[in-house]
Amino acid sequence: GDSVTQMEGPVTLSEEAFLTINCTYTATGYPSLFWYVQYPGEGLQLLLKATKADDKGSNKGFEATYRKETTSFHLEKGSVQVSDSAVYFCALQSNSGYALNFGKGTSLLVTP
Amino acid sequence: DAGITQSPRHKVTETGTPVTLRCHQTENHRYMYWYRQDPGHGLRLIHYSYGVKDTDKGEVSDGYSVSRSKTEDFLLTLESATSSQTSVYFCAISDPGQGADTQYFGPGTRLTVL
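Protein sequence lines, in the order shown, are assigned to chains U and L.
Residue numbering for the first sequence is 1 to 112, as defined by our numbering.
Residue numbering for the second sequence is 1 to 114, as defined by our numbering.
Isolated chain U (complex conformation) (with noise of 0.2 angstroms):
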């Protein structure tokens, strides 16, 4: 069935450093892929998404590239901010179904 894998936690980063948080998925077809992130104490909320091999989603200096040919979907911010940290999740969501399938979910924690 659809999976999501997305690399363990913790990650603790110093302010302005570039941050990549790695995910893979197997899916039949072509599935649509975001990113939610959760900051503490609250519910998930849209990070970014694609919904094709090529796309680029993009939102708040985050970038994710849909890559069929590597099955990934990283999340990558050029310059993190303390304000960043949280809790991101990768998932997928096939072209059969509209349930969402997600990773584990990988915690962030940027420094001053």
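Calculated directly from the structure, the hints in this document are not laboratory data.
Yeah, the Cβ is synthetic: ideal placement off N, Cα and C, and Gly gets one too.
Where hints are given, some of them may not hold.
What the hints assert, rightly or not - In silico SDA-like cross-links for lysine to any residue, where the CA-CA straight-line distance does not exceed 20 angstroms:
(1) LYS104/U with GLU59/L
(2) LYS53/L with TYR98/U
(3) LYS53/L with PRO39/L
(4) LYS52/U with SER67/L
(5) LYS49/U with ASP101/L
(6) LYS56/U with SER94/U
(7) LYS57/L with GLY1/U
(8) LYS104/U with SER67/L
(9) LYS52/U with ASP101/L
Claimed, not checked - Just so you have them, the derived chain L footprint on chain U, three or more residues with Cβ under 8 angstroms:
(10) 32-44
(11) 64-73
(12) 93-100
Assemble chain L onto chain U, guided by the hints.
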């Protein structure tokens, strides 16, 4: 922010008691979902609804039932709560028919079963 509320936000109950969690939306979205979030598991789908009175099971549906009698409300019931159902429960909504395949999440309900 999408208009999604969940109630209660926190609940402590005892094993064997019935519990009902409510999700309410003001967006008139057709699809509604219940997920649970547990450490090391991410979010897992419990049940979802694709219209009034239309529901289906998700990955971890055992021990849970749902009902949707109005577009705006989606109820999750634990018929007889167990300690393994201690979790944070999230409701989500979407409406692919409006071109909005993105899911929007509520603030969550933290349930503790003693």
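Structure-based check of all given hints:
no.	hint	verdict
1	LYS104/U with GLU59/L	15 angstroms, holds
2	LYS53/L with TYR98/U	18 angstroms, holds
3	LYS53/L with PRO39/L	32 angstroms, violated
4	LYS52/U with SER67/L	34 angstroms, violated
5	LYS49/U with ASP101/L	10 angstroms, holds
6	LYS56/U with SER94/U	18 angstroms, holds
7	LYS57/L with GLY1/U	16 angstroms, holds
8	LYS104/U with SER67/L	28 angstroms, violated
9	LYS52/U with ASP101/L	14 angstroms, holds
10	32-44	holds (count 6)
11	64-73	violated (count 0)
12	93-100	holds (count 4)
The earlier numbered hints that this structure contradicts are 3, 4, 8, 11.
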